[in-house]
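Asks: Going line by line, the protein sequences match chains A, B and C.
Take the first sequence: its position 289, counting from 1, is numbered 289 in the numbering used here, and each next residue is one higher.
Take the second sequence: its position 46, counting from 1, is numbered 46 in the numbering used here, and each next residue is one higher.
Take the third sequence: its position 37, counting from 1, is numbered 37 in the numbering used here, and each next residue is one higher.
Watch out, some of these pointers could steer you wrong.
[As the list claims (entries may be wrong)] Derived lysine-lysine pairs resembling DSS-like cross-links, with alpha carbons at most 30 Å apart:
(1) Lys189(B) with Lys50(B)
(2) Lys358(B) with Lys315(B)
(3) Lys20(B) with Lys50(B)
(4) Lys209(A) with Lys396(B)
(5) Lys209(A) with Lys323(B)
(6) Lys209(A) with Lys315(B)
(7) Lys371(B) with Lys209(A)
(8) Lys358(B) with Lys209(A)
(9) Lys414(B) with Lys209(A)
(10) Lys396(B) with Lys20(B)
(11) Lys414(B) with Lys358(B)
Simulated from the structure, these hints should not be mistaken for lab results.
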Amino acid sequence: MQQSKRWAWLKSWEALMFIILCTVVVANLRLSEHYLDLNNLANIFHLSIEKSLVVLIMAFVIINGEIDLSVASVMGLSATVLAERYDAGWPIAAGFALALCVGVLCGLLNGLFAAYMGIPSLIVTLAGSIGYRGVARILLEDRSVGDFPSWFTSLGQDGIIGPFPITIFVFIALFILGFVILQYSVFGRYVYAIGNNRAAAEYAGINAKQVKVTIFMASGLIAALAGAFYAARLGNVRANAAEGFELDIITIVLLGGASIFGGTGTMIGVGLSLLVVLNLRNGMSLSNVDGNTQTSVIGLLLILSVLVPNLIQILQRLVPRLFTAISRILNKGGATEPKSQVSVHQ
Amino acid sequence: MTADPLLEIRNVSKQFGATKALSSVSLSLYPGEVHALLGENGAGKSTLIKIMTGIYQPDSGEILLQGRLISLHNSAQAQKHGIAAIYQEPLVFPDLNIAENIFISHQRRNPLVRWGKLYRDAEKVLAQLGVALDVRALARGLPLAAQQTVEIAKAISMDVRVLIMDEPTASLSIHEVKQLFGLVRNLRKAGVAILFISHRLDEVFEIADRVTVFRDGQFISTAPVVEVMPEQAIRDMVGREIGDIFVKEPSPRGDVVLSVKELTREPRFHHINFDLHAGEVLGLAGLVGAGRTDVALALFGIAPAQHGHITYLGKEVHLHSPKQATRMGIVYVPEDRRQHGLVLPMSLMANISLPSVKNYRNQWGMVQRGKEVTTAEQYRQQLSIRTSSLSMPAGKLSGGNQQKVVLSKWLNTKPRLLILDEPTRGIDVGAKQEVHRLINQLAQQGMAILMISSDLPEVLAMSDRILVMREGQQMGIFERHEATQEIIMAAAIGQTLDVAAERAAANA
Amino acid sequence: MRRIRRWVPLQRLREFSLVIILIIVVFIFGNQIDNYYTPRTFNRISSTVALITLVAVGQTMVVLTRNVDLSVGSVVGFTAYYVGRYVSKNEDIAPLMLAALAMGIGAGMGLINGLLVAYGRIPAIVVTLGTMAIYRGALVEYSDSKSVATRQLPDWIKELPQESILKFGEYELRALPAIALVAVIVFFFLLLYSSFGRRLYAIGSSPEAANLAGIRAPRMVTLAFTMCGAMAGLGGMLYLARFGTITVDAARGMELQVVAAVVVGGVNILGGSGTVLGAMLGAILIGTIEQSLIRMNINEFWKDALLGLCIIIAVTVDRILINQLTPWWSRTELQRMPEEPHAAV
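The following block holds chain A by itself, in its conformation from the complex (with noise of 0.2 Å):
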């Protein structure tokens, strides 16, 4: 008992996508010698951080049963936003402001149609990318807007400690509060509840229509700040920015262990997958292999990481039946009576 207790982490989804990751990273070293170099390990965060907080929020999302397809068009428009507004002759800082608020309502607005007019998330997120990123391309058509003063694009590119810049440490902080908000807070738990069972979690006095609009405005302005923090590292925003993250965002989630329909996945499996994703990337990068091949190996990745413990689960079943079969086919041969088909001993 206690000895299948010490091992039992082992068959956790945690303890399969950290043997991936360090299947990766030894590869990685194999492959390239400059994987180590400290450029290339700030490299492997910087280039995707954007994506890497939205899939702290996005794990929210999933877990508590619900999908948001419309955060790459929200980081687009956030990103849109601030650059327009600076265009006009705002400050960064107000722009950057505003930017979040656009944020947030993007995500208010996806939440109460999703939680209080009941249309499937799938759904109102849908028209909402569609809708967002429409409005990006309203307010800049076809130019390209730049020119930011050079604080506000060393942000995002220059480092602070050795090559990290400050982009890394916000998602640092952030995932360690969305870590202990998720695992240990009174919120985190009413997120699994309601994610599991709504009208249990509902019947328990939960009022799960908030936890969703909380969950989708949080989800808005991460999203927000990641495309201030998409703008800062590029140095100059069109309307399609970052478009087609979200399904980069959501493979992520899916892979760090969260079912597509609520209630499962931890934030450490999550960031784990995370780390698994970012070092393939950088190691198939790093021996030039192109940018949709690496998307179509992480996709591959996501189906047998589900595939594989469900083909395991059916074989379990499958391979006792198998032998029935068999001894079946034995006695058949062996027996005379035709009735002792089926062994009745135990």
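Following the hints, complete the assembly by docking chains B and C onto the known chain A.
Replies: Chains B and C only, in chain A's frame:
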């Protein structure tokens, strides 16, 4: 009993992990008999049904149909052999119309659907059952009894030879049960073998020809119904002597906790009036669909009332959400534990602390697990919840233990008013008695309890007063000493109140 | 009224209201835009809509079973490229053979999706999110990031979009919309009258009940995904015909437009209800709004914002109306028949 058995189960065993669900059980069904299967929860009844319908495969043993060995690998094969099952909660296709629902399994045979013929055939089958339904209507939102009728029509349309009925009456009103029994008798006349599973002994004795008892996955006995005494059957089921149903002890009646005036939510219920005192159990009796659960949901804030006044602890209140009701000390133990009572994959401990988890925060807002464990452990002992670990997912517990977890989670919020909806439905005899003792104890401590129950002996034994509803209307409130099963039933099925009251007077 | 309720299923009512909305939308645009009611407008809209409709037909079947296929954009892109490359090397291949090839490739990709969903027991959204990336990656690897150019194609395929099948005065039904229309009609009847179609509805309506009724859901779901893939494959060929130039980014993001069309068309994303007719109407409505906005003299960058708004309004209104109507529209109660078996209902 004629000649040979139609279906024979021989020495069937089935094991799930470490638990033996069935160990070498045998059972035979003859054409034209109603064979009742009795057993506590976990006796292996549902496993047997699933084996008979091909959903599970037995580890060993054999199934013979008319003397020939058959093997069932899925429910399609079972249907081909004429074996069909009707479940406690009928499973219809809400987006298909009634005719399609009836004939869904026939479609394998003809690749094209002829709608006109389908509708005519469906009407014919329903006419055979002596009922009429618009066969073009979608099954969505159909009342439970009508859904069950559709299921039976489905079975009949498949030329069923063996019909398994798994607690078909659990959610039916008395009137509907009568209707169902009429159907069962017709089927029996037509030579169908029926396996009838029910927790309600009186029904079993009314309808069955033979009775088989299972206990802990083992075969205990089979006997013709005339030779079986109810007490004996119960002894066989639980394997020990049990006294009569627990009777609530008188408790001091305190102040009025809840006062309801002219409460109405159209079209569910109208003009409901009652007072509920501290230390009192008010039974809410009536047929299924009489609107009892709707009254409870209105008091719990899930489906608020439209008109009328609710006075709680001396103040008029408007209840509009469970969150608000819970805060005020009004809690509701729902009828459907698995859907509404518990978050099944979450641990027993987390379920117990769920409504009150805010009380377990430290100054940083984090949940203190140690305190949660203490609470859960306390309730495990107090309500004797049988589990190996507090971190066991609630879904893995038996029905009785699940109900105790639901009760624990609400008791932990220190409620003033406890609403129980079918508190002992589908749980075994032992757990039922424990729940009754708990209700009694809570009433002694001064809690006000509103108890909905379709189990008449339970209502009579546990209530101080009984409110009877019929089709959304309040038919009257009876003091415990003036109530009998007949009086309650008369009110519930709508015999004039005068008659019932006269009888009450006569009895008193 | 009762008669109407009895004989007109709610679904027809839904489609009817979509038609009304479409007429209103066209009327509004007709008032705003000069020379709106012209064959040119019609052709322009119909050929845009054709592609989405075709893929939406396949998607409808998948959505009916409570699944979703996000990989259709990649399938369209891959088949468009593959077929384009193939036909540029084998110019004499018969059009029908080429269509069969496209559908075959699409069906293969759909089959993989279906097997993983039905037998691998992985949620459809996870599988198709993965295969969306994988099929796109396959296209990149296969094409070596090169493009198919219009000049490499044989003439018949370049002229296919201008081919006119039927003519009503100046209005003509061109080949692409005609193919889509045929697909809609075939699948409309398939879903309404075949037991395969009814079983798709049953599976989406209640998987548990389908299992108990002996419906082999995995097989049906696999088949639905395969057919969806085949339709996307055919869509790939038409994509090639319409655009001529195929890059590795061909049809990227199309899956969202397709899902939007299906949803606006009243197909329940949670399975069990909806028709391909609805999906087509959804595609037409979206296509009309999109194309008409481009014609209108307001800023064309408004297109996406209005489209998103349009989807959310359509779904919300549908939700509210249908929720209110359903219980009233198809209401029946269990009635005890009088003793005579032939008494009136």
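Asks: Decide, hint by hint, whether the structure agrees.
Replies: Consistency of the hints with the structure:
1. Lys189(B) with Lys50(B): Roughly 26 Å separates the two Cα atoms, so the pair holds.
2. Lys358(B) with Lys315(B): holds, 26 Å
3. Lys20(B) with Lys50(B): At roughly 15 Å apart (the allowed maximum being 30 Å), Lys50(B) and Lys20(B) satisfy the hint.
4. Lys209(A) with Lys396(B): Status holds; Cα separation ~28 Å.
5. Lys209(A) with Lys323(B): Holds, at roughly 12 Å.
6. Lys209(A) with Lys315(B): holds, 28 Å
7. Lys371(B) with Lys209(A): holds, 28 Å
8. Lys358(B) with Lys209(A): holds, 18 Å
9. Lys414(B) with Lys209(A): holds, 25 Å
10. Lys396(B) with Lys20(B): OK: Lys396(B) and Lys20(B) at ~15 Å, within 30 Å.
11. Lys414(B) with Lys358(B): holds, 14 Å
Checked against the numbered hints given earlier, this structure breaks none of them.
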